[in-house]
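Peer 1: Given next are the chains, with one letter for each unit.
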Amino acid sequence: MKAVTRALAAMTLAALANPAWAQATWEPTRPVTIVVPAGTGGGADQMARVIQGIVTKHSLMKQPMVVVNKAGGAGAEGFMDVKASRANPHTLLISLSNMFTTPLATGIPFSWKDVTPVKMMALDEFVLWVNAESPYQTPADLVAAAKAAPATGRLKMGGTGSKQEDQIITAALTQATGADFTYVPFRGGGEVAVQLVGKHIDATVNNPIEAVSHWKSGALRPLCVFDTKRLPYTEKVTATQGWSDIPTCQESGIDVEYLMLRGIFMGPGATPAQIGFYTDLLDKVRGTPEWKDLVASGAFNQTTLKGDEFKAWVAREEERHRALMQKAGFLAATN
Amino acid sequence: MEQLGLLFQGFAVALEPQNFVLMVIGIVLGVVIGVLPGLGGANGVAILLPLTFSLPPVSAVILLSCIYWGALFGGAITSILFNIPGEPWSVATTFDGYPMAQQGRAAEALTAAFTSSFVGAFFAIVLITFVAPAVAGFALKFGPPEFFAVMFLAFASFVGMSRTAPMKTLTAMMLGFLLAAVGMDTVTGQLRMTFGSVELMRGFDFLVLVIGLFGISEILLSIEEGLAFRGKQARITLSTVLRTWRELPRYWAISLRSSLIGCWMGITPAGATPASFMSYGVAKKMSRHGADFGKGRIEGVIAPETAAHAAGTSALLPMLALGVPGSPTAAVLLGGLMMWGLQPGPMLFVEQKDFVWGLIASMYMGNLVGLAIVLACVPAFAAILRIPFAVVASTILVVCAIGAYTVHNAWFDILLMLVFGVVGYVLKKLDYPLAPMVLALVLGDRTEQAFRQSLLMSQGDVAIFWANPLVATIMAAGIALLVWPLANWAWGQIGALARPKITETP
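Here the protein sequences come in this chain order: A and B. Counting in this note's numbering, the first sequence runs from 1 upward without gaps. Counting in this note's numbering, the second sequence runs from 1 upward without gaps.
Isolated chain B (complex conformation) (with noise of 0.2 Å):
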């Protein structure tokens, strides 16, 4: 095995002494990152990213992608114990993440959601050590088309999740996608929606909205319940870990699907956030105990968390194969190698042997020390619960309004947070669901973007959707998710009307 060998000789770059400490320095930088909403990866990485100018290669992109994995673990944190997701991916999370640490299990949430983000991480790892020209092979299968039919899948995966009426989840979608069209269209070039303002030039970013949305909210339904101390008292020992990982291994189907949806939204490359809701979507459906999501289920957080950090490593392996980034930090990281001297794309592996390798060793070992981290910080994260809510909600609401200032360096944006922090409390009291709104605020510009993309290549024809087996097949599978529902409760309607009879016919 070629790659053994290789691989080998990047353990012994990155475990050099400077090497390793970066690596602990940038974890812990990157779970900083991560747990502050607003101030992502790709902030967090594009700052310092001059500061590396110095340093050889492989130890900036060592320190760099070390802060993206530590971002990825510290997502979850805010989304369980405050039901306010520090990064887009972890907005899944806090749908039973958040119920958990309502129900005192915060301390096992956390561990399941770190444990599964670094099962998802190795799993991808593996994938780019052993399969990676192949795996590149398969993203340049993905034309327009393609695309569209993987966010289809996306949603159809999505749809008719939640228990509220239909009408009220397709309304929070259609407001979602009215606010996803503000701003450029990148088709025709022309402004949408922006009522000659510059301000809404920049279109709803994303994060802000999530940010008001879910964090701001979450603080308004508090000071109404009279700043009541929402999570319970839980029992923070190391012990939790240990019950906790002993309880996981039954959800191995679960984290393995993940997983693959996981790497697959990551190649394609459509990153980690799409990853996250569609392997929640598809771990509620195919779950015995579908109903009971949302209310807590372990299940919930392993499902997100595993796809979210499979799609946010394995997007990495699109940067380096083919420079093109599979989510916004490797965009930045794209930028840097080109920066120190390296041209990403197919050549990189052949050219590159001691970089690539030594990043992807860097993978290994980052997610290693990083699970040990926030591991050994379960404790302290979940202590958190225990200071006066009041104290909390007041930190929690100036670093969100610094998140979102932070996002665009828009004071502007801060308006916009409060706005929709009302508009996420009215929601929340009319009872529409939030998931919904979010997806299609995420997802919708692309999607759109992808089908005229389509369009435009077959002239008008919409045929083009089944064209080839590939798209054919994507699109098969979201219809097929989209009639599941449908489906079961057809179902359920012909053995009603087939057992009456049963009944009386003896």
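Next up, chain A with everything else stripped away, as it sits in the complex (with noise of 0.2 Å):
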């Protein structure tokens, strides 16, 4: 029995000293939900059930992926849920902007430090759109028409929510040029581009996914886009362009850059253990063509972080985040 016991003992010691075997041996005991602190349909949503969709088919793991959408108070539900379950690891969090966005505008007690970030799985890119029928052929033509709108007719920007991504790089681009823009805030961003198709609006912000098939329809006109440098994907969408063709907004004069984090979180006090099985996963998954796909359609920016690194670039947007908000006035009276 003594031999036994000891025998145990040591080979728990030696799990405890050896994380390589800890980290080999921690996998999922329950099913694993994935929390979208956002609606069904949207670009969160869509990755969230591709990564379930992916997982499930080329069976990279043994328990099943259950997606759940927590939209309250513009995710502030999700963030909420997600921070009260400590040391649970089978919850899981994809981020959009909101992360940031939703506890700064309305001041709830979240921070991205109340979660443990996994994985930057992708960066979602902005794209300055007008309708093809309209005169701007470059985006200085449109600021300059921004410019000279009167104050009772100014051009109408739309986009998705209300203090939000689009709303900031909105204010972003006042701040930058000094031409003002009505905002009209939308439901999601396939209606936006709709509004846009149907001249209701003068432009928009819109991911490339939202707007791609209107492009390609010969109804809207990107102007540029809001990366530091073009976008990679040089197959033609239209008979003349491809995403590569479109100018950043940086060449074109206005210096204004926004990219909107894709990425995984688990709750608070998760083990590296964990942390490590959750990465190795998303790492398979984006080695599938199921997941080269959905980049290149959506012509995602496939920047990928994790550990430390993330960490470090999720602090640095927090605090970018912060900042543009303030000049816009965008911040709660708590914060």
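Think of the hints as simulated: they come from the structure by calculation, not from any bench. Using N, Cα and C, we set each Cβ at its ideal position, and we do this for glycine too. Check each hint, because a few of them may be wrong.
Unchecked claim - Computed list of lysine to any residue pairs in SDA-like fashion (alpha-carbon distance at most 20 Å, straight line):
{"id": "1", "chain 1": "A", "residue 1": "K216", "chain 2": "B", "residue 2": "L48"}
{"id": "2", "chain 1": "A", "residue 1": "K57", "chain 2": "B", "residue 2": "I47"}
{"id": "3", "chain 1": "B", "residue 1": "K141", "chain 2": "A", "residue 2": "R187"}
{"id": "4", "chain 1": "B", "residue 1": "K141", "chain 2": "B", "residue 2": "I464"}
{"id": "5", "chain 1": "A", "residue 1": "K216", "chain 2": "B", "residue 2": "K353"}
{"id": "6", "chain 1": "A", "residue 1": "K199", "chain 2": "B", "residue 2": "W466"}
{"id": "7", "chain 1": "A", "residue 1": "K199", "chain 2": "B", "residue 2": "F138"}
{"id": "8", "chain 1": "B", "residue 1": "K141", "chain 2": "A", "residue 2": "G218"}
{"id": "9", "chain 1": "A", "residue 1": "K199", "chain 2": "B", "residue 2": "F465"}
{"id": "10", "chain 1": "A", "residue 1": "K199", "chain 2": "B", "residue 2": "G137"}
{"id": "11", "chain 1": "A", "residue 1": "K292", "chain 2": "B", "residue 2": "W340"}
{"id": "12", "chain 1": "A", "residue 1": "K62", "chain 2": "B", "residue 2": "F53"}
{"id": "13", "chain 1": "A", "residue 1": "K236", "chain 2": "B", "residue 2": "Q343"}
{"id": "14", "chain 1": "B", "residue 1": "K141", "chain 2": "A", "residue 2": "K284"}
{"id": "15", "chain 1": "A", "residue 1": "K57", "chain 2": "B", "residue 2": "L48"}
{"id": "16", "chain 1": "A", "residue 1": "K284", "chain 2": "B", "residue 2": "S54"}
{"id": "17", "chain 1": "A", "residue 1": "K199", "chain 2": "A", "residue 2": "P135"}
{"id": "18", "chain 1": "B", "residue 1": "K285", "chain 2": "B", "residue 2": "A490"}
{"id": "19", "chain 1": "A", "residue 1": "K147", "chain 2": "A", "residue 2": "T174"}
{"id": "20", "chain 1": "A", "residue 1": "K236", "chain 2": "B", "residue 2": "P485"}
{"id": "21", "chain 1": "A", "residue 1": "K83", "chain 2": "B", "residue 2": "E199"}
As the list claims (entries may be wrong) - For each label pair, taking beta carbons as the anchor points, the in silico distance ranges come out as:
{"id": "22", "chain 1": "A", "residue 1": "D255", "chain 2": "B", "residue 2": "L51", "range": "57 to 65 Å"}
{"id": "23", "chain 1": "B", "residue 1": "L486", "chain 2": "A", "residue 2": "A151", "range": "37 to 45 Å"}
{"id": "24", "chain 1": "A", "residue 1": "G242", "chain 2": "B", "residue 2": "L51", "range": "29 to 37 Å"}
{"id": "25", "chain 1": "A", "residue 1": "K292", "chain 2": "B", "residue 2": "A134", "range": "33 to 41 Å"}
{"id": "26", "chain 1": "A", "residue 1": "K292", "chain 2": "B", "residue 2": "A253", "range": "50 to 58 Å"}
{"id": "27", "chain 1": "A", "residue 1": "E27", "chain 2": "B", "residue 2": "K353", "range": "42 to 50 Å"}
Unchecked claim - A few chain A positions that, by computed beta-carbon distances, are all more than 12 Å from chain B:
{"id": "28", "residue": "W26"}
{"id": "29", "residue": "T33"}
{"id": "30", "residue": "R221"}
Grab the two chains, each in its own frame, and use the hints to assemble them into the complex.
Peer 2: What follows is the structure in structure tokens.
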């Protein structure tokens, strides 16, 4: 008996001393839930469901994966839910920019420090769009028209939600150029794109995936992309243009840059072994052809980060959002 | 006709054995999902979406869209049998469907509901088949002011409908607006009336409240009456189905009007729920027997069911042609399209002909199969009424609780459901109508948003609501419907004044 106990103790010690061994052995024992802090059908929801589909199809995990939407209060519900699931390795969170904007705009007690960053999956691009029948050929044309418009007939910029990424970009655009826009909030990116096709608004900052089909059909025209360099996708989308032909806004003299995080987080109190398991899993997801199709069709920025690098990136991004939102006057009174 | 050729190719795709089997599975699953309150078509489709990842896109969309058709059919069943709407769009079906069941005409009501669902869907599919591009163009004309005008029209067609005191109707409606305002305000990005509670940030979900207001309060009422058997024993045979069918052609005008309302609301896109309310309201106003609505008129079942199914089906058109979902279920399907590597929008009809026409053909087939399945089951559904109500009531209670939980996976919603069960019971006892409250709950949020978006666009000028012929026409129609009861009343008064004069003069 004693020998058995001693052997067991030795094995336990060995396991504790060797993190690689422990890392290799942790795996989910219950179904894993991805919490989406947004409604069904949006960008984050789509990505979560693609990940779920890939994990299921390629049998990357023994336990099933479930997607749950907690969209209440512009995502606050989802964030508070994950914050409350301390040391629960079976809950993941997929984030979009509302991880920063919602707490800053509403004052709910949440910060990214309440959760554990696991992996940046990609960054979502933003493009400045106008109706193809409008006279604006370059960003400068639009800015000039916006400046020339009388205060009673300002150009209308449509976007998703209020005090979220689209309105932040609009505010940054105003700060960089001095051109005023009337921001009109809608429920989702698809709706925004259609409002622009129908000429109810003058411009949008839709994500590529939300507007690509209307660009292809000749209804919309991209003016510039809010990234530091041009998109890498050279394949033609229309007869003459591909994503890589769209100039950056900086090239066009508008110094505004904005990318939206698509990343995976765990609740607070996750162990290195658990983080390791999900990092591996998500690496495998990123290697599948289905994932490559998704990033190509959405013209995503394929930057990926993990560990401390990702943490540092998130911390920088939060400060940047605080600064941007402060300038625009979007901060809640309690912040 | 290029479309016809493509459509027949589509039929060939939809009739492949694998696709046909998936179609039947989808319909059956959908009916079950539709019967369970709370577990809506959107949830059902979302749950099954990842399973379709390994299927070819056209098979996957056939399976998922058939779940949607099934849910549209299934929502009516519990509305008629127990006064508990299985889906939001079948709330209006309870108004006359349940009284019919109480009079022992459950089978007749179910047959009418299913058949009108099919008629509405069929109308919408024909529309999609032949005029899809033109219709998609029409949808583009709807900006925020037009959208507000449509909502205004929906409210206007409903006002002055109930027999209760106008002040009670107004109170119930305002209560609905108040509840709809809780949660995130999308226009300012601020939380309203949440009092720091995370649970309230979600706002009051319409589904949870409807389950409470209708389902739980109905059970409380029957407990009060000693769990008496409320539905009368009905003679249930397939001949009831045939008899009802013989009667239905008489109501072709209502069907046509409801189909048009449904398609319009589906494409705009306002969705199936407002379509069903609006169609019921208009049917009541136009009918010579308007006063009998709510007491078990078959038109009161036909109108909302036709419109709901027409709207539900045509809601897929803006999703396919514009990439904007016309309903929550369509939103989930939209996500699915992208996952299968298809880009919804104007190019889908050009680049993915097989997919689009396979889907359209499956709409014809799916609805036909669905109608056959649910009609064959009418006797079985109606037989549920023979089970002692004590057994049925406890089952319903459990199903309602599961349904309320499923909407947002939140325990708090079960509590909310129970609280609103009591609220519903009290309101029913005090003779407050629930329908205006429900209407305000469903549409309040979006109406307010459209109104404020419009004013943002016009920088505060209300003239935007009659700035172009389209919005002006819809607003005028709304105002006409609003003053209709008043005009009727005034007409009656004039008549009453004129008559004594005539009797005096000779």
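Peer 1: Now tell me if each hint is right for this structure.
Peer 2: Hint-by-hint comparison with the structure:
1. A/K216 - B/L48: Roughly 31 Å separates the two Cα atoms, so the pair is violated.
2. A/K57 - B/I47: 15 Å, holds
3. B/K141 - A/R187: Distance of about 18 Å is within 20 Å: holds.
4. B/K141 - B/I464: Satisfied, since the Cα-Cα distance of roughly 14 Å is no more than 20 Å.
5. A/K216 - B/K353: Satisfied, since the Cα-Cα distance of roughly 16 Å is no more than 20 Å.
6. A/K199 - B/W466: Given that 20 Å is the threshold and the Cα spacing comes to 17 Å, the pair holds.
7. A/K199 - B/F138: 13 Å, holds
8. B/K141 - A/G218: Measuring from Cα to Cα gives roughly 17 Å; hence the hint holds.
9. A/K199 - B/F465: 16 Å, holds
10. A/K199 - B/G137: Status holds; Cα separation ~12 Å.
11. A/K292 - B/W340: Answer holds: A/K292 to B/W340 is near 12 Å, not above 20 Å.
12. A/K62 - B/F53: 18 Å, holds
13. A/K236 - B/Q343: Given that 20 Å is the threshold and the Cα spacing comes to 15 Å, the pair holds.
14. B/K141 - A/K284: This hinted pair is violated, its Cα atoms lying about 45 Å apart.
15. A/K57 - B/L48: 13 Å, holds
16. A/K284 - B/S54: 18 Å, holds
17. A/K199 - A/P135: 13 Å, holds
18. B/K285 - B/A490: Within the cut-off at roughly 16 Å; holds.
19. A/K147 - A/T174: Answer holds: A/K147 to A/T174 is near 10 Å, not above 20 Å.
20. A/K236 - B/P485: Outside the cut-off at roughly 59 Å; violated.
21. A/K83 - B/E199: Between A/K83 and B/E199 the Cα gap is close to 14 Å, so the pair holds against 20 Å.
22. A/D255 - B/L51: 57 to 65 Å: Given range 57 to 65 Å: violated, Cβ gap about 47 Å.
23. B/L486 - A/A151: 37 to 45 Å: 41 Å, holds
24. A/G242 - B/L51: 29 to 37 Å: 35 Å, holds
25. A/K292 - B/A134: 33 to 41 Å: 37 Å, holds
26. A/K292 - B/A253: 50 to 58 Å: 55 Å, holds
27. A/E27 - B/K353: 42 to 50 Å: 45 Å, holds
28. W26: Check passes; 24 Å lies beyond 12 Å.
29. T33: At about 9 Å from chain B, A/T33 fails to clear the 12 Å cut-off, so the statement is violated.
30. R221: 15 Å, holds
The earlier numbered hints that this structure contradicts are 1, 14, 20, 22, 29.
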